[in-house]
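Chemist: Residue-level listing of the chains:
Protein chains: 2
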Amino acid sequence: MRFGYKAWMLSEELKVESGEFFAEEEFRRGIVGFFGEEKFKASFDIDENLPLEGFSVAGGADGLKISGGCESGLLYGAYAALFALKRGEAAEKISISQKPAVEKRILNHWDNGDGSVERGYSGGSLFWRDGKIGYDLPRLRDYARLLASVGINEISVNNVNVRLQTAKLLTDEGLKDLVKVAEVFRPFGIRLIISVHFDSPVWLGGLKTSDPADPKVADFWNAAAARVYGKIPDLAGFLVKADSEFQSGPNAFGHTQDVGANVIAKALKPHGGTLYWRCFIYNCLQDWRDTVTDRPKAAYDTFFPLDGKFDQNVILQVKHGPSDFQVREPNSPLLGALKNTREALEFQIAQEYTGQQKDLYAWAVQWEEILDAPFNEERTTRDLIGKEIEAIVAVSNTGDDENWCGHLMAQANLFAFGRLAYNPALTAKAVTEEWVSLTFGNAAEIHAPIAKMLLDSRHVYEKYNAPLGICWMVCIHHHYGPSPDGYEYMKWGTYHRADTKAIGVDRTRNGTSYTAQYQPFVRDLYENLQTCPQEMLLYFHRLPYDFKLKDGRTMIQYIYDTHFEGVEGVENFITVWESLKGKIPDEAYTHVRERLAMQLENAKEWRDVINSYFYRKCGIPDEKGRTVYV
Amino acid sequence: MRFGYKAWMLSEELKVESGEFFAEEEFRRGIVGFFGEEKFKASFDIDENLPLEGFSVAGGADGLKISGGCESGLLYGAYAALFALKRGEAAEKISISQKPAVEKRILNHWDNGDGSVERGYSGGSLFWRDGKIGYDLPRLRDYARLLASVGINEISVNNVNVRLQTAKLLTDEGLKDLVKVAEVFRPFGIRLIISVHFDSPVWLGGLKTSDPADPKVADFWNAAAARVYGKIPDLAGFLVKADSEFQSGPNAFGHTQDVGANVIAKALKPHGGTLYWRCFIYNCLQDWRDTVTDRPKAAYDTFFPLDGKFDQNVILQVKHGPSDFQVREPNSPLLGALKNTREALEFQIAQEYTGQQKDLYAWAVQWEEILDAPFNEERTTRDLIGKEIEAIVAVSNTGDDENWCGHLMAQANLFAFGRLAYNPALTAKAVTEEWVSLTFGNAAEIHAPIAKMLLDSRHVYEKYNAPLGICWMVCIHHHYGPSPDGYEYMKWGTYHRADTKAIGVDRTRNGTSYTAQYQPFVRDLYENLQTCPQEMLLYFHRLPYDFKLKDGRTMIQYIYDTHFEGVEGVENFITVWESLKGKIPDEAYTHVRERLAMQLENAKEWRDVINSYFYRKCGIPDEKGRTVYV
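Protein chains in written order, with our numbering: chain A, 204 to 833; chain B, 204 to 833.
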């Protein structure tokens, strides 16, 4: 079952007869790949009454009938049919009808020109090597199929931290190879996005300034867009990280974000392109002594006053939380708050702070929590999707490792992202079970324990990590492993200010007033110690170690308890996994077993460091007398 | 006075008539460089009654008479005469007679093949670029003069952490350029040392093992030595960092250090070469939970049992302290403890933990403290030199910055090292004043305040850093700036274990028994809280924050006080320096003023982080009510 180890979707090139539609060819290829012969037949048609990328699949006596609202819809229908057949559904009884919740379902690659991947834990870049893009087009074709099979339809191909090598994508030289990459992804309904550097007018255009108010700068962007669209007419657009973590931006020239965004957006407009503008802006040179500035407030403070000032082809790309893809954060108050500005919701599939694809971590569970969280008294965040939120984006977890994702089980995250972006109403349980059965088969004795491991993994990981939403107790720079004070005296705006009595930042109206950025219902929910979700207590409140939780335990005892439980959870994963030996392919068994050993080490390190750290701060021992290193 | 800015010694190539001895030419060049014309004359002769590298300089009616025990001694005599004349001594009255305390006065360069310098703060390598050595031979000639002028007579040219590029120095290809470098240094009496990788037999020899017991490995080293000495017959020897910080070594093959060293030493022996074998061996993968292992014990534990087992051409190279060039450490108990093994004392001129040539730090003051420290009831460490200690080594602070040392004032450290290695009886005050007057001239109004700044700098720096010898409260990896818990949960064996009540590791007989490695007199001195030098209290003892010091202050109050005083010390440096404006060359004034501004920032950061850290640990406020950030 080597195929299953590589990914859920067929990754060898099987030659099959072509049909009227590309979807037909993909279907035949899938059937032969999955079943060894053309066991199932299907008919294909475009039905303009269906939503644009929607589809229907209907079983019948003469085979399956697959309809799509367009070629992409048809392709999604073909893959949906393949998945259903692979999961053992009877062909005659298949009846599926779907349409995407948002038009734009996007993967951002943080790939550098030298072949490295920022926050990549799956080998090198699939796109770049030695400054050139597209060095392995056949593998990119496999990758395109993998992404299309879960409904992803736009990808950025270079890191948002753009350096000179990838900045050159805007030049004739850079475009030469990018055109070939676009050709690979085009039949799969996937359009490219280019991450561009705000200083491109200086870097590439020979100008003395990147000031967006300078007409020469506008000319540069107009010419650059024309050049790119001349070669890749269906390019989705540009992506910009500006005024963020040492990247240049409009602030440097005394302008607000809209001024910087609109000059580029206007260049894209004639070509139908979208400008994705990231909202991850904060003071990364904060003085730790400054207790007034509160980093989580930054994105809202920057962008909320600009609502309505962005051109219509600008989409603001907002990270799901106000910090940075931490194990536990509240949702960003910016999501849904902008009434006259388009927004994208940004996730991270790469496990930067969540185990770096050594530790098991099913993002789908956290994403479900995020979507379930209230926007106001009437609506959840999920209810914003397809309305205020027009696009769903994620930072990719893929690389040139044979299994694409470093950890075989991390494939579940790529799979879940695509499925949830297409249909956010799906449960974490449903998409996780779907991936498990496509990868390991449908036998309950295999399927159920693996799915349970994945579904438990988010909470097990959270238990042994930074407690109660405190964030950032992580080793600096590389972000793997515990370092409770690692960021405490640094410039990144990430402080917990633990002393002998208490820990946390008061973000209520009595403190930094971060909570005021939320809708009143949510603000009150988080401000009130009785209603604030327990797992986010330390995100919003500064609390003494002997604070009583609802179950009567002190906070410090809860911290000790959860950290012991976290390690037990990983030990339990290992027991479960070992029970699967011989039932799943050896290669997959051994690979995951090795990663679980690494995870156990990591979990123990977190448990012991966090417990010791708190004991050394407050001097209160574990009531149960377990080993806390003093 | 551009010359003064570049260094104390002439660095332009002035063409002068050559004489019978190279020293004559150097003398004439110096006179013309210093005084613009051949204002002073001298006669030169080799006097075999003088010690080998000793010399005498005598003023007289017909000019100076300079004698040397050999060509090197003559050269040192010429430089001594130049220095005296430059400092304004009357030629007729000059009368100097000196001889070196140790035969080997060595600089280790931690330069990498790619041109970077490990722990280098003065630009790139003077030796290496793009994998090749000797890219700028004229500048190396200036450098050789600089080193010879203070009596340095051996240098290693590549990092002790040897990588493939510099490992290749042992090959014909690598030697081709090294020969040219040797030619540059030879007339200045400076011999080269090559740092070699213990795995060279595998890397270069195509062998399957580096096991020193394998006859093929011995053959490899014999051939390598023969090859090198065939090209550079006066090579001083090889330098090895083995079994240390992920470098390979004899331990990997189940052998003790002597077995690894002797196989290489035997290869060097027929050629008269010395093997320098570093003693910086410890467990760099320690579990922080392990309170039995105590890193400072490692070198003694490893090498003391091997006393007498090393070949006679092996010199063990021992860092001055048992930690790693920290701001405050006791001396290594290994120094002087080996009765049948040759030893070198290793200093670091590079300011890795002492301000990285941004902060002012006169090592001479610390070195004097080190030399003054007792070895036993009768002898100081200085008394070991020339007896148990046969060589003095330092890690260089030089690079290709125009001023050689990054910070102009850091030149004083290179100068002081050479002078003290030649004559350890010199005081820090004497060598510092010597450098100041050679660099800034002899006017008291300039000379005195600069010398005082330098002489105060070590204690000012110590005041705002990790207190009372606690060590390692420094940002991880790069080692600049404070991070009190940065190394606390890591694998490097560097823990202070601060909790709400106390801090430090008990290294007495009640604790790890590290003190037992010292001679009984010194052991008792450090074990006893009454006699342990105050500034090393936390190196040897675990103490409560309210521990009473001799002056009646609590330890925590002492920590607060010194940290405020440290910043005041830097502010005072700035006041003093600003009073020199217009009196010293603008270029030097501005350069040092900029560095002092950086130092003030750093000092404030240390003050506030350390004070906050301790306040947050113990909750005891500053008695004087100054600002401690909570």
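Watch out, some of these pointers could steer you wrong.
Copies of one chain are not kept apart here, so a pair can be met inside one copy or by any two copies together.
What the hints assert, rightly or not - With a Cα cut of at most 20 angstroms, we get these calculated DMTMM-like pairs of lysine to aspartate or glutamate:
1. K704 to D825
2. K561 to E797
3. K302 to E448
4. K807 to D490
5. K751 to D702
6. K753 to D422
7. K694 to D603
8. K784 to E223
9. K472 to E321
10. K786 to D825
11. K694 to E804
12. K590 to D514
13. K655 to E781
14. K751 to D375
15. K512 to E591
16. K268 to E223
Read the hints as simulated data drawn from the structure, not as lab findings.
The structure presented is a predicted model; accordingly, all values stated were derived computationally and were not measured.
Chemist: The structure should be examined with respect to each hint, and the outcome stated for every one.
Modeler: Hint-by-hint comparison with the structure:
1. K704 to D825: Close inside one copy (16 angstroms) and across copies (18 angstroms); limit 20 angstroms.
2. K561 to E797: within (9 angstroms within a copy, 45 angstroms between copies)
3. K302 to E448: Cα proximity of K302 and E448: none, with 38 angstroms in one copy and 57 angstroms across.
4. K807 to D490: Cα proximity of K807 and D490: across copies only (12 angstroms, versus 33 angstroms in one copy).
5. K751 to D702: Answer is within: at 18 angstroms inside a copy they meet the 20 angstroms cutoff, but 23 angstroms across does not.
6. K753 to D422: For K753 and D422, the Cα distance exceeds 20 angstroms both inside one copy (61 angstroms) and across copies (74 angstroms).
7. K694 to D603: neither (34 angstroms within a copy, 31 angstroms between copies)
8. K784 to E223: Neither: 45 angstroms inside a copy, 84 angstroms across copies.
9. K472 to E321: Classified as neither: same-chain Cα gap 30 angstroms, cross-chain 51 angstroms, threshold 20 angstroms.
10. K786 to D825: Result: close neither inside a copy nor across copies, 41 angstroms intra and 65 angstroms inter.
11. K694 to E804: Classified as between; 14 angstroms across copies, 30 angstroms inside a copy.
12. K590 to D514: Answer is within: at 18 angstroms inside a copy they meet the 20 angstroms cutoff, but 81 angstroms across does not.
13. K655 to E781: Answer is within: at 14 angstroms inside a copy they meet the 20 angstroms cutoff, but 70 angstroms across does not.
14. K751 to D375: neither (64 angstroms within a copy, 73 angstroms between copies)
15. K512 to E591: within (16 angstroms within a copy, 78 angstroms between copies)
16. K268 to E223: Within one copy only: 14 angstroms inside a chain, 103 angstroms across chains, cut-off 20 angstroms.
When held up to the earlier numbered hints, the structure conflicts with 3, 6, 7, 8, 9, 10, 14 and fits the remainder.
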